Amino acid sequence: MLEIRNLHAGVEGKTILKGVNLTVQRGEVHAVMGPNGSGKSTLAQILAGREGYEITDGEVIYEGKSLLELDPEERAREGIFLAFQYPVEIPGVNSAYFLKAALNEIRKHKGQPDLDAVEFLALVKQKMKLLDLSEDFLKRPVNEGFSGGEKKRNEIFQMAVLEPKLAILDETDSGLDIDALKIVSNGVNKLRRPGHAQLVITHYQRLLNYIVPDFVHVLFDGRIVRSGERQLALELEERGYEWIIRQEPQLV
Amino acid sequence: MSTATETIEGFVSKEYKYGFFTEVETESAPPGLNEEIIQLISTKKNEPDFLLEWRLKAYHHWLTMREPNWAKVKYPPVDYQKIIYYSAPKRKGTGPASLEEVDPKLLETYEKLGIPLKERERLAGVAVDAVFDSVSVGTTFKEQLAAKGIIFCSFTDAVQEHPELVKKYLGTVVPYTDNFYAALNSAVFSDGSFCYIPKGVRCPMELSTYFRINAANTGQFERTLIIADEGSYVSYLEGCTAPMRDENQLHAAVVELLALDRAEIKYSTVQNWYPGDENGRGGIYNFVTKRGMAKGAHSKISWTQVETGSAITWKYPSVVLQGDNSVGEFYSVALTNNYQQADTGTKMVHVGRNSRSTIVSKGISAGHGQNSYRGLVKILKGASNARNFSQCDSLLLGNKCGAHTFPYIEVKNTSSKVEHEATTSKIGEDQIFYCNQRGLSTQDAVNMIVNGYCKEVFKQLPMEFAVEAQKLLGVSLEGSVG
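Just so you know, the sequences run in chain order E and D. As numbered in our numbering, residues 1 to 252 make up the first sequence, in order. As numbered in our numbering, residues 1 to 482 make up the second sequence, in order.
Bound conformation, chain E alone (with noise of 0.2 Å):
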């Protein structure tokens, strides 16, 4: 479903990404690891078509078509969904609006009718008991005023409404508390879908304690250095990522 080949991008010249490979299948979850600056946010913004970065070498293939040849909206009603690590507030323009016309252009572009106000809400009340949301959130202006937990949570119902193909969740764990964290990865493991993917990507291994990936990758200085299954994750909280550095003298 996803390929990155070679990936090579920076931003004003600065080199970020150094050659990243990645595979990702139908149906599975990968986790992408690393430390600060190891450039994970950047891949998840490339990867959603975030304007700002330069793409020096390699390619990125999804679903047969040349991704980065794509605007963002593009990606978006392809299937990628980016739960952003730090969600945008928009003043003034209710959370039920908003999700509807993002909804809307999705279905328009697979061929399908527009959902009417009766049809969504009716979607959308189903999807809110995912993520223990009340109803009165709906009304709300996107993300304005949410504290940080229902900020991450509302990426999880956007999801959950929208219903990609990829999932990229950035961070999604971060400034969570543990019930918080909770009732999010519980949402997130609920969407799993056999033909659906998700490509997580945290600094702690504490989240995949429940979103149990299929595949763990650890990304040190614009480069995947090793990738594993799910053992690795658990060694690398045990172990820091000083053990997989000091293991790849050539990256020191």
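Each statement offered as a hint is correct.
Label-pair distances were calculated between CB atoms; the ranges are: (1) Arg230/E to His404/D: 58 to 64 Å; (2) Thr56/E to Pro77/D: 54 to 60 Å; (3) Gly19/E to Phe389/D: 55 to 61 Å.
Derived contacts from chain D toward chain E, CB cut-off under 10 Å, selection only: (4) Arg438; (5) Cys454; (6) Glu456.
Think of the hints as simulated: they come from the structure by calculation, not from any bench. Note that the structure is predicted; figures quoted are calculated from it, not measured. From the three backbone atoms N, C-alpha and C, an ideal C-beta is built for every residue, glycine too.
Starting from the known structure of chain E, fit chain D onto it as the hints suggest.
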């Protein structure tokens, strides 16, 4: 609930869609202004002597005045002798036309503008007075309103049918000496709307005036006078459009509102005069004086305006809070795109005790647009415990536009309280990317963000108007994101 997509689909093109011209036979005065022209206007309208005298006094006063130049707008000097001060579609037959007698071409024009004048086709609940160039072409629902004692008609008809009311109230809120444009208007105004709500009557429908400038080289000078007698209520809507022309055209209107004890007037404007093309050629000069007198105790006057059109806007809808416990409100969205300039705001003059005013101004600048908020809050000595809250926000799209805020505050009373908040923000790339990432195009994202920003003002508008205003902002912003 309408979605962004529905709203966007309504934006057929980024062209100004009301820019067409209607071929009708008109009767026009020669260009220029002098006593004879004023005589001519007055004679055409068969006016009583008091009105002619008033016009002439205004004219002579105007001659002593100079155009104001303190606003932050730039334009070449206007040659007042080149303007045609009277233009009217020719009437078939004589005497005031009923709707059935109105030239079908005029009815068609209003249909095209989405303002059908045939009553059975009207949305229930809105009565319309349509003003075409200098004269009113028709007023709907007159009879139903008359049954409640409400007078809603063209100014010309009011002069004929209710001269005593006109004489009593004309110029009491905006005297002809008020300012250059008000004096000019008082001398040459040719029509407008008149409305009187009797004691204790709650007007059962929205009243509305729709102004249309059609003829070239013509100035439009209309006058609106609304009187809400004790304990009455009225909600009034005003809409405006004009054909696209390369020359600038002058619109200098006067609106006077008077609210007596416990009366409430809600006045909403969606102003969509032709703004000029993307290079700043053509467009309407909108130099308008609007003022409300909250004369009675517990009276309330509320202005809501959405300003998307005109090349230059010079407009400060104001409230004089004369009555004790009176309330004044001003909610404004002013958008400038391309080379539009707006200098707009309000004046709240507190005279009565416990008077309260609220100002919410939202400026949006795009392209090379220049947007200024200019507001005065004045609290006089006797206005004990007066309160004002002002909030002025500016939103910038791009980096060639400008936003300016000029708040003036004069407080002569120690028990009163004045609060002012101001913010300036740019639409963030973060916000746009967030919307993009959810599948929305950049244009839709901008429309959504801007509409969210204006929400506090839009919610003051009657329903249909609010929808109209949202669409209009979308059209006016089209192409502003590159």
